[in-house]
Each structure stands twice: as C-alpha cells, then as structure tokens.
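As given, the protein sequences belong to chains A and B, one line each in that order.
Numbering-wise, the first sequence is residues 0 to 337 according to numbering that gives the first Met the number 0.
Numbering-wise, the second sequence is residues 0 to 337 according to numbering that gives the first Met the number 0.
Hints listed in this document are in silico derivations from the structure and should not be mistaken for laboratory results.
There is no bait here: all hints are sound.
Derived contacts from chain B toward chain A, CB cut-off under 7 Å, selection only:
| id | residue |
| --- | --- |
| 1 | 57 |
| 2 | 58 |
| 3 | 60 |
| 4 | 61 |
| 5 | 67 |
| 6 | 68 |
| 7 | 98 |
| 8 | 100 |
| 9 | 101 |
| 10 | 117 |
| 11 | 118 |
| 12 | 120 |
| 13 | 121 |
| 14 | 224 |
| 15 | 280 |
| 16 | 285 |
Every residue gets a Cβ at the ideal spot worked out from N, C-alpha and C, and that includes glycine.
2 protein chains.
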Amino acid sequence: MARSSTRPTSRDVAHAAGVSQAAVSLVLGDKWRGRVSETTAERVRQAARDLGYRPNLAARNLRLGRTRTVLLVVPALTTEFFAGVYTGAARVAAAHGFGVVLYPSPEGIGPARDPFASAQAALDGVIASSMAADALTDIRGDQLPLVMLDSDPAGSLGAATVNLDIADGVRQVAEHLLNLGHRRVLHLAADVPSWTFEVRARELAARMAAVPGTEVRTARAPISIDGARTATEAALTAAGPRPTAIVCDDDKLAAGAYKALRRLGLRIPDDISVTGLDDLALATAIDPELTTVRLDAELFGERGMRALLAVLEGRRPESGDIPVQLVVRGSTAPPRTP
Amino acid sequence: MARSSTRPTSRDVAHAAGVSQAAVSLVLGDKWRGRVSETTAERVRQAARDLGYRPNLAARNLRLGRTRTVLLVVPALTTEFFAGVYTGAARVAAAHGFGVVLYPSPEGIGPARDPFASAQAALDGVIASSMAADALTDIRGDQLPLVMLDSDPAGSLGAATVNLDIADGVRQVAEHLLNLGHRRVLHLAADVPSWTFEVRARELAARMAAVPGTEVRTARAPISIDGARTATEAALTAAGPRPTAIVCDDDKLAAGAYKALRRLGLRIPDDISVTGLDDLALATAIDPELTTVRLDAELFGERGMRALLAVLEGRRPESGDIPVQLVVRGSTAPPRTP
DNA sequence: GCCTCCAAGTGTTACGTATAACTTCCTTCC
DNA sequence: GGAAGGAAGTTATACGTAACACTTGGAGGC
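Using the sequences and the hints, build the whole thing.
Written as structure tokens, this is what we have:
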C-alpha cells in the first residue's frame, strides 16, 4: 500500500495497478492507444482514482519545459472591466489547456513588485495591459512571449498588441455631442500616463477641431470618484464661459463629475451633458443613466489570449482593432442656449 | 559561452564563474556564509547578472516539494471588495516570500471549472471565499491546507475560518433604523446560498423581532443592479402596507433598489430609507450617498493569509472576527409618518 | 612532526514526470 | 516453419535545482 502521509505519485499508482510508471504516464496522458490494452488502461485509471492521484505539476512542468500557464497583468481589479478581460482570456485559455494567473499591478502591495516573485508560478507567456506599464520592466528582462493590451503598436518593442478601437469610440462621442449642438467641451482626462488615454485626448481634439468655433478645455484627475469630483469642481468654477458638455475618459471619472455637478447645483443633462467610456455597471446605477462607450471586455481578453497563443505557436497574431459602440442614455441632450 | 537560444541554468552560471553548480545554488540561495568566500560569491552573483539568470521555478518547486504559492478563490472580480482582499493577502504573502494566485470562481468560463486546472500552478494552500463554494469540491479532494473566508465555523469540515463580524454590522443597521423609528422593513436578500448571507437574514430578523410591532418582509434577488431593481419593484407594488426602509445585503443590491425607487417615483430618504453593506465606491457615487456597513477588505485578506501561514507552519490561526462599522450617510432618515 | 580542525569548496543524488528506445510475446503470412 | 510485424508493455533517462556527504589544502596546537 502507498504511504498515506505523502501525496501519491504516478509510481504509487503503477504499483497499485501492477504496471510500470511509464504505463501510468501513457494512460493518464491519453497517449495509450495502441500501446496499452483497454483493460489495463482501465485498471490504471481505477487505481489512480482510488488513490486520489493528482499529477505533480512541478515535475510535469520541469519535464516538459513549459507550464501552460500565462500571466495576465492588469492595472487593478477595481472595476469589472478587467474582470471581463480575465474571463475572456481564461475561456480561450481553458479551451487550449492553459491556465491564467492574474497579477494586479500593485498599489501598495509592498516591496515585492516583481510579478514573477508574486505569481511564483513558472510562466509560458504574459498578457499585459499598458496601464500596468510600471510592472513591465521585469517582464522584458526575461524574454517571455508578450502581448500588450491597448498599447501603442509602434512603440511596443516588437511585442504583439491587441487594441480596442478607442479612437473610434471617442470619434462617436464627439460626433454625438457635435450633432446635439455642443461646441464648448470639458475633457476630464485620466491622470495616468498610458497610450490608451493619449488616444482619447488626441482624437477628441482632432474631431472637435474639425468644426469651427469649438473649444476643448482639459482637466486632469486620478481615476477615482473623489479625484474626479475635485477636478471637475475646480474646472467649472474657473473663469470663462462654462462648457456645455463633459467628456470623461472613463465611467468612474464620469461618476465623479456627477457628484461635482450635484454640488454645484447643475442638472444633467439640462445644464450640462456628460459622457463616459467603459459601460460599467456603474453607468446605469447613477442618475441619469450615463451615455458612454461600450467596450467588450471579454472579447478583448479572448483576443489577447488568442494572440498570445499565436505567438507561442510561432504564428502571426490576428490583426485589427476591436470595435466599440456608443450607447446613448440620459446624460446627454442638446445644450440649453447657444 | 552559454547557449544563447535557451534560458541559462545554474550550471551555465557555474561554468561562467568557474565554480560548481552547487556553489551557485549556495550563493544565490543565500546559504553561503562560512561555505564560500566573499570574493567567489561576488563572482557568482556577477555571472548570474551577466547571463540574466532566473532560477527555473518548476525545478525548484519539484526539488523543495513546495511552491510558496497559494490560491485565492473568490466568487467574482466585479467589485473592489475582493480586489481589497487580494491586496491584503498579497501583502502578507510577499512579506513571507509567498505568491498569491487568483481564481475567480467562474460564471461561464467554460468546461474547466477546476481551479487547479485553471491555475495550473502547484499550490501550497488555498484561501477560499464561501461565496465561491461551488469550486470547493475539487479543493477538498486534494487535501491542501485550506482557509475559508466568511464561512460557518461549525460546518467547515475542520478548515480554519476567518470571518468579518457581519452579524454585528447587521445589528448596527437594525439599531440605526429602529432608533430612527422604522418598524416595517423590506430585506432585499442576495439569492446566493452562502453562510455570509444567511447570517444577515438571521441577525436582522432577530434584532427586529426584539422590538414589538416590527415586520420584516423578504425579497430575493441575484446580485446585480438589474436583478435588484426588478425584485424591489415587485416587492413594493405587492399588496400590503409599504415598508419604510429597505435593508440590502450589499451595496450593489442597494443600487438596484435606488433604480426601482426612482422608477416608482419614491424619494430617498424622504419616502423610504435604504441601507447597504460593503461600502464600495458605488456607495458614494449614487445619490443620495448610501448608508452602509464598511468592511475592511484588506484586513480581511491579511487575516486570511496569516491564518493560512499559521496552518502551513502547524500553528493555530489567530481567532476572533474582524470588526465592521456602520457608516451613516444620506439614504436613511426617520420615516415620514408613523 | 603529526594530528586536528576549519575554510572553501566539489561530487552526487533525488524530487516526479514524459518519452525515446528497447523487449517480449503472439499472430499472421508465405 | 520461419520471418515479419504489431500489440503490450518495460527500462532508462533527462529536465534544473537544493542539499547532504565528502574532499582538499593549509593553519594551529602540543
């Protein structure tokens, strides 16, 4: 009988089934067709079940030289957006026998900022959000296959990129506001150095500038409700004509803008329109519901994982941005008076 | 020179430094004092740096028979609550040389529901939220050290438990509402079979029953804004006197209740009071700001990890529930008329 | 001058798995 | 009846690391 104190190994299973360890490996690895008889295979499977055998992953990983595990580096877990990205990536990964380990780029996790130290797991590759760029120096150190999410295709050091078509989303927002008649816009920008936010600023400016008489002012805020509230209040109490619409870099900032507007006694959308970007649950929790751009987070994660699998298999990753769509709700309306 | 195509091993480092592989292991493992001279040690470290050596974790894990990696099983990533739990757990883990791998119990991730298959990594232990109970059968299969978060201390099969003092939080909510004069309460309950929600129902009922003339009705809803809205609308349009307060099992449900009340033309808190539980960012994003119970998610995670470390080292985990605190905001007021 | 002891290493092994290479036995075919 | 070939396994090995047991050369003690 096997030693009960320690986990059973494939050798224990072999002994119990009266075969060699190699046979166990063949059977459980599903490579036994034509090499082991059906009856023996069943005997092995039964023994494995009886002993509660689980293969030692460390040994398997060492032997195979790969782990079928990838790391997903995200900026934070505070919104369901990256939860969606994980879900999509994990679904594709599972279909290919891969696992996904999550590394939330830390804010205050402490000294071990190294994702590899933190995740301990041996990895085959990495998918990283550009917003978590601070964690990436370590990653480029190892030369693990890398896929960047929402990152500048030109400046990614040759890593494959998968992008949402944020530029088009901002374009849709701008057209929507212009069509409603807005000309003076406040851009509530995320105070985070990341390509995905630079794109918003650039595209909004370009689109508005195409129409004469428009004006875009910019306020910067950290991505938090309170930070956005403060920045919005400051921007709206400053000198000059009040903007008729606020374009926010994401929904969380928009929620902060809502709070500022309530404090200032301004009504949405009567006095001022507000738009977001993400379409989180938050967008329909606030009143009025937020006009925003829906991002398909799960598809984003799926595409990221598929791109990484392509890199791992030496194929070229699928190209083309992921489409996004404006969702018009109650927070936008024509400006009151021209 | 080392083969450039494949990752350098400790043997490559040894060769470069002109020492044996054993010496490299001693130096880099920080066990060289009195065994290797300072100059040799420095030479080894330099060689390791030059080659960009990273130890092969699979080999180390196999050799040591442990991975210094634990799995954190959470029900979902859709709120910042479990992000906080992760942050706390990861902080403590890092201080002890451990890594934390996240397994969000899937809703629709697909066939590989097995956390071990999904996380691939070899694990030393598991911390699991009771809300993710569906994933736990596999976990009990292996006899990995296990710590349960927010789980019935009596029914946890001997696993260590770490709990928030939810009962006390509900008690505080009930006292607050009773003091304001509320007697007819609707309990908007999460339609999830979990101890942490059972506690809420039990404690609320007990506390209200202590005062004569009180009445607690219950509505069940899935934990989503829309589900909560629907359930609340149904409950409030049913026959019988309208409740003067709604006690929600968490903040997300409260946000749904807000939407239902807006649709029904009822004002908060004038017509009806609402309370939540969690104190998410959402709680201050909605209008009026939500009276709720603040849970210290990070401390929860820290305590969970410390308990698991205790189990791994054969010590007894710290006992005692984690205190929580009522935060009174604008969503509660005395009922209009008695 | 010989024994002891310590510093500074090296040789070797085991962890558990997957698989290439080999063996053995039985059937089939000419 | 002997060779060929396939079915059903087994034997042996390597993956990269950590650590135990051993070696060597010199310093120190009496």
